[in-house]
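Trainee: If you want the building blocks of each chain, they are given just below.
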Amino acid sequence: MNAVINLELKKSIQDKGLLFWTLALPIVFTVLFISVFTSGLNEEESRPIILSIVSGYTIMFVFFIMISMTDSLLKDKNIGMVSRIASTPLSTYSYLLGKWIPYMYIIFIQIVILLLFGKFVYDVSLEQPIQLFMISVCLTFMVTGLGLALSVIVKTLNMGIAITQIVTLGGAVLSGLWMPVEMFPDFLQAISRLLPQYWAHQAFQEAMVGTLGGGQFLKILLILFGVGLAAFLVAILRYPNFLKQAKG
Amino acid sequence: MLFVDSVDKYYGNKHVLKKASLQISEGICYGVVGPNGAGKSTLIKIIASIIQDYKGNVQFTEEKLRIGYVPQEIALEETVTAQENLIFFGKLYGLRGDLLRNRVKEVLSEIGLTERGKDKVRTFSGGMKRRINIGCAIMHNPKLIIMDEPTVGIDPQSRRYIFQMIEQFKIEGRTIIYASHYMEEVEQLCDEAAFIDRGQIIESGPIDMLINRHAVPAIFVKGLNSLPDNMEGLGSVKNKDGGKLVTTNHPLQAMEIILQHCKKTNVELERLELVKPRLEDIFFSLTGNQLRD
Chain A
-16 MNAVINLELK KSIQDKGLLF WTLALPIVFT VLFISVFTSG LNEEESRPII LSIVSGYTIM
44 FVFFIMISMT DSLLKDKNIG MVSRIASTPL STYSYLLGKW IPYMYIIFIQ IVILLLFGKF
104 VYDVSLEQPI QLFMISVCLT FMVTGLGLAL SVIVKTLNMG IAITQIVTLG GAVLSGLWMP
164 VEMFPDFLQA ISRLLPQYWA HQAFQEAMVG TLGGGQFLKI LLILFGVGLA AFLVAILRYP
224 NFLKQAKG
Chain B
30 MLFVDSVDKY YGNKHVLKKA SLQISEGICY GVVGPNGAGK STLIKIIASI IQDYKGNVQF
90 TEEKLRIGYV PQEIALEETV TAQENLIFFG KLYGLRGDLL RNRVKEVLSE IGLTERGKDK
150 VRTFSGGMKR RINIGCAIMH NPKLIIMDEP TVGIDPQSRR YIFQMIEQFK IEGRTIIYAS
210 HYMEEVEQLC DEAAFIDRGQ IIESGPIDML INRHAVPAIF VKGLNSLPDN MEGLGSVKNK
270 DGGKLVTTNH PLQAMEIILQ HCKKTNVELE RLELVKPRLE DIFFSLTGNQ LRD
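Residue numbers (the numbering used here), protein chains in the order written: chain A, -16 to 231; chain B, 30 to 322.
In short, the hints are calculated from the structure, not lab data. One thing to keep in mind: the hints can contain errors.
[Said to hold, decoys possible] Listed below are the simulated DSS-like cross-link pairs for lysine-lysine, each with C-alpha atoms no more than 25 angstroms apart in a straight line:
| id | chain 1 | residue 1 | chain 2 | residue 2 |
| --- | --- | --- | --- | --- |
| 1 | A | K(-1) | A | K58 |
| 2 | A | K(-7) | B | K134 |
| 3 | B | K158 | A | K(-7) |
| 4 | B | K149 | A | K60 |
| 5 | B | K158 | A | K58 |
| 6 | A | K227 | B | K47 |
| 7 | B | K120 | A | K(-7) |
| 8 | B | K120 | A | K(-6) |
| 9 | B | K147 | A | K(-6) |
| 10 | B | K134 | B | K149 |
| 11 | A | K(-7) | B | K149 |
| 12 | B | K134 | A | K(-6) |
| 13 | B | K84 | A | K227 |
| 14 | B | K48 | A | K227 |
| 15 | B | K147 | A | K(-1) |
| 16 | A | K60 | B | K158 |
| 17 | B | K120 | A | K60 |
| 18 | A | K(-6) | B | K149 |
| 19 | B | K43 | A | K60 |
| 20 | B | K120 | A | K58 |
| 21 | B | K43 | A | K138 |
| 22 | A | K58 | B | K147 |
| 23 | B | K273 | B | K305 |
| 24 | A | K(-7) | B | K147 |
| 25 | B | K293 | B | K251 |
| 26 | B | K158 | A | K(-6) |
| 27 | B | K149 | A | K58 |
| 28 | B | K43 | A | K227 |
| 29 | A | K(-1) | A | K60 |
| 30 | B | K134 | B | K158 |
| 31 | B | K149 | A | K(-1) |
This one's a predicted model, so the numbers in the text were calculated from it and none came from an experiment.
Construct the complete structure from the given sequences, taking the supplied hints into account.
Mentor: This is the structure in structure tokens:
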């Protein structure tokens, strides 16, 4: 499994597109939107907006990793790599884990860099670092779990991109990553609470200012972990079908 | 070494492999021959343990770890180097440390890519990719090498190099299963073969035996306007390459008649030769010429 992890990491490090999606673009968006939405506001009025944008855009941009994961697994499937690996002693589940774990590293590093960017550039406080760490771990698990499930379900990269856009952008709007959910009508607010992005956003903001209570913290960890676990189970269930479609 | 016994495989309602049975002895090159879509790759994938939901039995006398599979596709990571691809597959087969490093050097030398080991695979020609594709399958020194169409789309030099590698594998006592629709390759490389068509193994055995059992001898004559009258009934005649191809069970008698005729009529022949039956002719005689779309 380590061989798969190392190879995947090597490929990812060489991929300049991945660097653009994971770091450059979110930083540009964060800077741009903070400057637009805080223009003309004083320091006190700007604080909650900056807090919401830094955490919200971090959450939104981690979802784009689903495209890279889909691309990687579909390529392996279409060039015969999946079949070839199935002929080796490596178990199919070790292969699946080997493809998953590198993206966990990438996403966790992405979250850390984007939060530290917020801290050092916009002086965003990180009052509850342990809680932030745990939320970041569960968010990483959830997003990459969804990416893994998507990778074994879709048949083409275009389909993977389309679904990722819906999940990422649709989820961002509905869960209040772009604008406060308090501005939504009641039924939309109810929908927001069904989305893991909403809970991750709430948790990040509260842990940043130091108001995340123990019960709320555990509830949100369970939500994020539960969605990730469900996605992983879907990936495992769909994997035999994925293997059947593999060339080679 | 390998027994395939009554293997059946369905894709949905499609019966792609019908009671396939084979027995492959150690140290030989065994050809699996058939047109595209005949079921060769399915059979190969079952033997290589890639497909596991099938009916029937596949038994190895060797441990499965000693199998190397060369897929039809170039299943390599092209964004990394040839060496890194070999290391990757070596690790999957459990090689580590010095053993792995030494094996990478040996395999690069075997596939003729020592000088290009540190280059990325995407910079390689089709033939070089095919060779590294084989290299990845032999990293763990397998006793059984399963090759699925290993020469598709490559230049003659690379094809020859791959043939030499296969000859070397045979000298080393490895068993090779070679699936191809290029019958002349199978005839050249393999000791035994199985013909597969529409999911069924229609014939199998040593190549010489197949030829002796099914091939009808023929002679080729060029330079005669018409064949002698007393050749009638000796076999069937068809025009070929500006001459006549006489398919007959009595080729020497037919040649003698022609030579006597030429002597009598003072005709100088351009060519008169015994035509060696080819595997392809046997395949067509067993399956017919119609397309398999």
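Trainee: Please verify whether A/K(-6) and B/K149 have alpha carbons no more than 25 angstroms apart.
Mentor: Holds: A/K(-6) and B/K149 sit about 12 angstroms apart, inside 25 angstroms.
Trainee: Sort out whether A/K(-7) lies within 25 angstroms of B/K120, counting only the CA atoms.
Mentor: holds, 15 angstroms
Trainee: Sort out whether A/K(-6) lies within 25 angstroms of B/K120, counting only the CA atoms.
Mentor: holds, 17 angstroms
Trainee: Can you confirm whether the C-alpha distance between A/K(-1) and A/K58 stays at or below 25 angstroms?
Mentor: holds, 18 angstroms
Trainee: Taken at face value, is the distance from the CA of B/K149 to the CA of A/K(-7) at most 25 angstroms?
Mentor: Cα-Cα ~13 angstroms, so holds.
Trainee: Next pair to validate is B/K134 with B/K149; report whether the Cα-Cα distance is within 25 angstroms.
Mentor: holds, 16 angstroms
Trainee: Would the pair B/K120 and A/K60 pass a check requiring their Cα atoms to be no farther apart than 25 angstroms?
Mentor: Holds: B/K120 and A/K60 sit about 20 angstroms apart, inside 25 angstroms.
Trainee: Between the alpha carbons of B/K147 and A/K(-6), is the straight-line distance 25 angstroms or under?
Mentor: holds, 15 angstroms
Trainee: Within a Cα-Cα threshold of 25 angstroms, do B/K158 and A/K(-6) meet the stated pairing?
Mentor: holds, 18 angstroms
Trainee: Does A/K(-1) pair with A/K60 here, judged by a C-alpha cut-off of 25 angstroms?
Mentor: holds, 23 angstroms
Trainee: Is the Cα-Cα distance between B/K120 and A/K58 25 angstroms or less?
Mentor: holds, 21 angstroms
Trainee: Has the given pair, B/K273 with B/K305, been kept, meaning a C-alpha gap of at most 25 angstroms?
Mentor: holds, 15 angstroms
Violation of the numbered hints given earlier is absent; every hint is satisfied by the structure.
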